[in-house]
Every structure is written in structure tokens, then in C-alpha cells.
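If you're matching them up, the sequences are chains E and U in order.
Counting from 568, one number per residue, gives the positions in the first sequence under the numbering used here.
Counting from -14, one number per residue, gives the positions in the second sequence under the numbering used here.
Derived from the structure by calculation, the hints contain no laboratory data.
All values reported here derive from a predicted model rather than from experimental measurement.
Just so you know, even glycine gets a beta-carbon here, dropped at the ideal spot from N, CA and C.
Keep in mind that the hints are not guaranteed to be accurate.
Cut-off 30 Å, straight-line C-alpha distance, at most; resulting in silico cross-link-like pairs (DSSO-like, lysine-lysine) [claimed, not checked]:
1) U:218 to E:703
2) U:141 to E:703
3) U:-2 to E:703
4) E:774 to U:-2
5) E:750 to E:809
6) U:-2 to U:218
7) E:809 to E:594
8) E:591 to U:218
9) E:703 to E:591
10) E:594 to E:750
11) U:-6 to E:774
12) E:594 to E:748
13) E:703 to U:-6
Have a look at the derived ranges for each label pair, beta carbon to beta carbon [unchecked claim]:
14) U:8 to E:873: 31 to 39 Å
15) E:605 to U:76: 48 to 56 Å
16) U:202 to E:767: 49 to 57 Å
17) E:623 to U:113: 53 to 61 Å
18) U:152 to E:580: 27 to 35 Å
19) E:767 to U:206: 35 to 43 Å
20) E:678 to U:219: 33 to 41 Å
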Amino acid sequence: MMIQVNQLTRYYGELCAVNGISLKIEKGEIVGLLGPNGAGKTTTLRMLTGFLRPTSGDITVNGLSIHTHMPAIKRLMGYLPEAAPVYGDMLVYDYLVYVADVRGIRREEQGDRISRVAGMCGLQPVMHQPVAELSKGFRQRVGLAHAMIHDPEILVLDEPTSGLDPNQIVEIRDIIRQAGKEKTIIFSTHILSEAEATCDRIVIIDKGRIVADQATGELIAEAGGDRSLFVSLAGADPETAKAGLAGVKGIRDVQVQPSDPSDPSGVVRLKLICAPDPDPRRVIYAHIRQTDWDLLEFYGETRGLEHIFRKLTTEA
Amino acid sequence: MAEVWHIFKREFKAYFVSPVAYIVITVFLLVTGWFFFSPFFLQGQATLRAFFGMLPYVLSFVVPAVTMKLFAEELHSGSYELLMTLPVNLGQVLAAKLAAASAFVAIMLAPTVIYAVSVSLVGDLDWGAAAGGYMGALLLGAAYAAVGLFASALTKSQIVAFIIAAAVCFVLTLLDAMLFFLPDTVMGVAGYLSAGAHFDNIAKGVVDSRDILYFLSVAFVSLYGAYLVLCEKQ
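Make a model of the complete structure from these sequences and hints.
Encoded structure:
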């Protein structure tokens, strides 16, 4: 086992930012820490990386406690804080040499390491530019290179893609996924699709507590609750269609969707709220077949992470 | 120890990539040069007394300008978080930053050796007193740098750090001149606390362990204060 978090709690004065979080993270896992702003994600990551001390509770990494072995743990970890606050007055290359020096990487190995992380993070074109002159995307990559230069077993990334444009997000995500093949990665985000696409496991935090902790697939599968189906019908009157479908077994509610103003053909679009079990689709199709309506569209909405996220983090 | 050296190197180099360092050095040399040489030929004595006499006043404003960014800038930009999650501890960071600021003060003082050389050309300079003066100046610079470091750890604003440090250093410098206003009971203590008095002793060429101990204590107390302030942030 790699990382064990035990009843971790942190107060800022009276305010409780993290309230008794317990977690186990195995070697090689990619764990996404999700939660609304102010949920305690950054505070948790800061305690894990030794920047903040917990008010109570403990974290052990490979059996070493943060209370007694922080220097050794810092060596195992690479950390990218939010917004990658790298010294602006240094050249990218100088900065990486500085980090390698402080990390105790021997001079002979430095050239190798630096060119490897620079390659991985795509830094070659900016190696001799001052950090302050870089775009946000490049600065973020310098931060990633900072975190990976000593080839750590654990990478901790705080909102690695926040504030980047869609192309940069994809690039950073690729770097993370590539690094994740051999490392344990813990990263926080509030972009749900990102967590869904990158993580093996998702931990949702709200108000300093864990509200969900499951493999990504399971979490989405267990979304549960009602499911929504959408149908578009031609040649039907909205009210009749609504009344007709409302009587079908398994359908709890029918909502008429606003019709597309650019489409004059009078297509009726309905949203059907159904019970998840048994699968209502056959019954609905059978019902429509008995009428003289033309079925143009019939699709379901996957209950994504977004729904779970909203459900778990807005309940009082 | 290697970590301290690498952080020291970074901090020291960082001074010279911004124009601030050159401005501070220029202003320092202009001010000291003018105030030293303008009365020098009237006085007709081959001594650096006038230079070392005003040095504590000048340093109490110049050193805070050198140290104000050391923590305030890191706290403001957030780079402090990157620094503290490297495998280093607070003591190492403090030592490295103090060493960098002290080294900068030494670099700033170096050109003033020209004053000593020019004086020795026109008269018989007491090199012992001059050496004592420079040693005292370095100790004073390091002590003020520690005060500046403490002020810089208190705030994210460099201006605030500068004002706090300059105020503390200036009071320390002036304290022995203000003893007159203080009640008898605290006079002795206040006199001992005055940086000006201790510096004057060394600048005369009298190297007393009590004066050295004084500067080291000021540095230690300030560093410890900075240590506590930064620990509190964890």
C-alpha cells in the first residue's frame, strides 16, 4: 500500500476546511479529487505534500508518517500547486537546474533528467526564456516539469488544467496520462469530464468530508435514480402525445420540450422521466408503434458524473 | 547543507537580474560618498570615522530594501509553496536567504574600500580601525538583514515589509541617542539594545566580544521570530 490518510482534519482558526478524511491509495492508481470550490481539496493536497500541517490525523506514505518523516516523503513526491507559481525571474532551464540541485540530483545526471522532462512536457522551445514571459500553458508545463524532474513515485497535481484553453487542457491531460502509466497520481479538479476521462478512481469531497469514493466506472453506473429518455415525433399533437405516453407503464412524467423554431414541420419533442428498472424502452417503442406518429429520434441520457456530483455536493 | 548553498545561489543571483540591486547599490554609494567626502577636506583628518559614523543610519534604510522581497514576494506569488514542498526545512531556507542578503550587503560595501584607499593616499590611515569598521559593518548588515527577513515573513506586501524593517532598524540605530528621553530604570537596558553604540565600538577598532554577541543576538532573535511566523503559516 502506498498512501494512507487517517482522520485528517485541518482548521483555519474556527473554520474547518478538512474534517476527518480517511483514504487509502494504492501504488499506481490515478485518483481524482473532486469537489466544489472551497470543499477542502487544496488543503488536503497541501497537507499531503507537507506545506500545511494537519490539526489532527495522520498521513503515511509507504509506512512513513508525515509527522516524523516529512523530508523522506517530500523526496517521493512531486507537487504542482494550483497556477504553478514558478519564479518568474528565472530562465526555464536555470529553474530546472535549480530544482534538480535542491532535489540533490547529481550534476552528471541532470542533463539527462532535464532533457527528459523537457521532452515530456514539451518545453524545448522555451528553455531559454524567462518564466515570467511564458503563456499560462507553458508555465503550467514548467510546473509539471518541476514536479517530475526527480522521477517521483507520487505526483500530486492541484487543478493542473485550470485556466488553460481546450488545446492546452488536452496536452496537459496527455502528459498526466502518460506519467500515470508508472506513477501514483493524485489530482484535484472541478472539471468532471476530465476526472471521468483520466482517473481510475474518484473521490468527491464536500465541506471537508468525503461524500463518495469509488472506481470511476462504478460511480457512474451507480448513479441510479430516474433516467431520462428523449423522443421526437412527427405528425403528433403535443397534448395527445403527452397524455398517451403518460399512461405507459414505467413512465413517471412527460415534459414537452420547446420545439425548434427553425423547424416548421411541427415535430414534437418530449422528455420522458422513467423508473430505471425494468428497462422502459421496449414498452415505449411498442406504444409508439401502435399510433400513426413517425418516430424521428429516440435516445437516452447517460447519467454522468455531473449528476452525481450535483446530487452529492448540493444536499445539505 | 548542499540545499542551503543552492538556495543561496538562487537568491543571490536573483538580486542581479532585476534593476533594483543596481539602483540600491548606486544610491548607497552616492549617499555615503557625498556625505563622507564633502566634509572630509574641511576636517583635515585621515580617518574613516565620518563614513562609519553615518553607516548605521544609511544601512537601516538600505538593508530593508534589500531584504523586503525575500519572503514577501514568495508569499505573494505563491512560489513559497513550491519552495517548502522541496525537501528542505525552514531553517535551511532562512539560513540561505540571510546569507544571500548579507552577501549582497558585502558586495554593496566593497566599492567603499576605495574611500579607505583614497584616504590612505593623502594621509596616514589607521588600517586596523578601518578593518574593524568593515567587520562591524558586515555584522550590522547581517543583523539588519535578519530584522528585514523577519519583517518580510510577516506580510505579502514588500512595501509593508520595508517600512516595518526600516522602522525597527532605525530605532535600533538611534536608541543610544535617545537615552536622554528615557527613565533611568530602562536606560541601561536601552543603551545595551542600541545597535549604534555597539557599532561605534567596533568602528573605533575595538573588537569586543560583547558587541559581536550583540549583533549575533539581534540576528538570532529576528531569525527565530521569522521561523515562528512561518511555522504559524503551516
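Structure-based check of each hint:
1. U:218 to E:703: 27 Å, holds
2. U:141 to E:703: Measuring from Cα to Cα gives roughly 23 Å; hence the hint holds.
3. U:-2 to E:703: 25 Å, holds
4. E:774 to U:-2: Outside the cut-off at roughly 43 Å; violated.
5. E:750 to E:809: Measuring from Cα to Cα gives roughly 53 Å; hence the hint is violated.
6. U:-2 to U:218: Holds, because 27 Å separates the two Cα atoms, which is no more than 30 Å.
7. E:809 to E:594: 53 Å, violated
8. E:591 to U:218: Within the cut-off at roughly 27 Å; holds.
9. E:703 to E:591: 33 Å, violated
10. E:594 to E:750: 7 Å, holds
11. U:-6 to E:774: Violated - the C-alpha atoms of residue 774 of chain E and residue -6 of chain U are around 42 Å apart, more than 30 Å.
12. E:594 to E:748: Given pair residue 594 of chain E, residue 748 of chain E holds - Cα atoms ~11 Å apart, limit 30 Å.
13. E:703 to U:-6: Between residue 703 of chain E and residue -6 of chain U the Cα gap is close to 27 Å, so the pair holds against 30 Å.
14. U:8 to E:873: 31 to 39 Å: Violated - the Cβ-Cβ distance for residue 8 of chain U and residue 873 of chain E, about 54 Å, lies outside 31 to 39 Å.
15. E:605 to U:76: 48 to 56 Å: Check failed, 33 Å falls outside 48 to 56 Å.
16. U:202 to E:767: 49 to 57 Å: With a Cβ separation near 56 Å, residue 202 of chain U and residue 767 of chain E satisfy 49 to 57 Å, so the hint holds.
17. E:623 to U:113: 53 to 61 Å: 60 Å, holds
18. U:152 to E:580: 27 to 35 Å: 28 Å, holds
19. E:767 to U:206: 35 to 43 Å: About 51 Å separates the Cβ atoms of residue 767 of chain E and residue 206 of chain U, which means 35 to 43 Å is violated.
20. E:678 to U:219: 33 to 41 Å: 35 Å, holds
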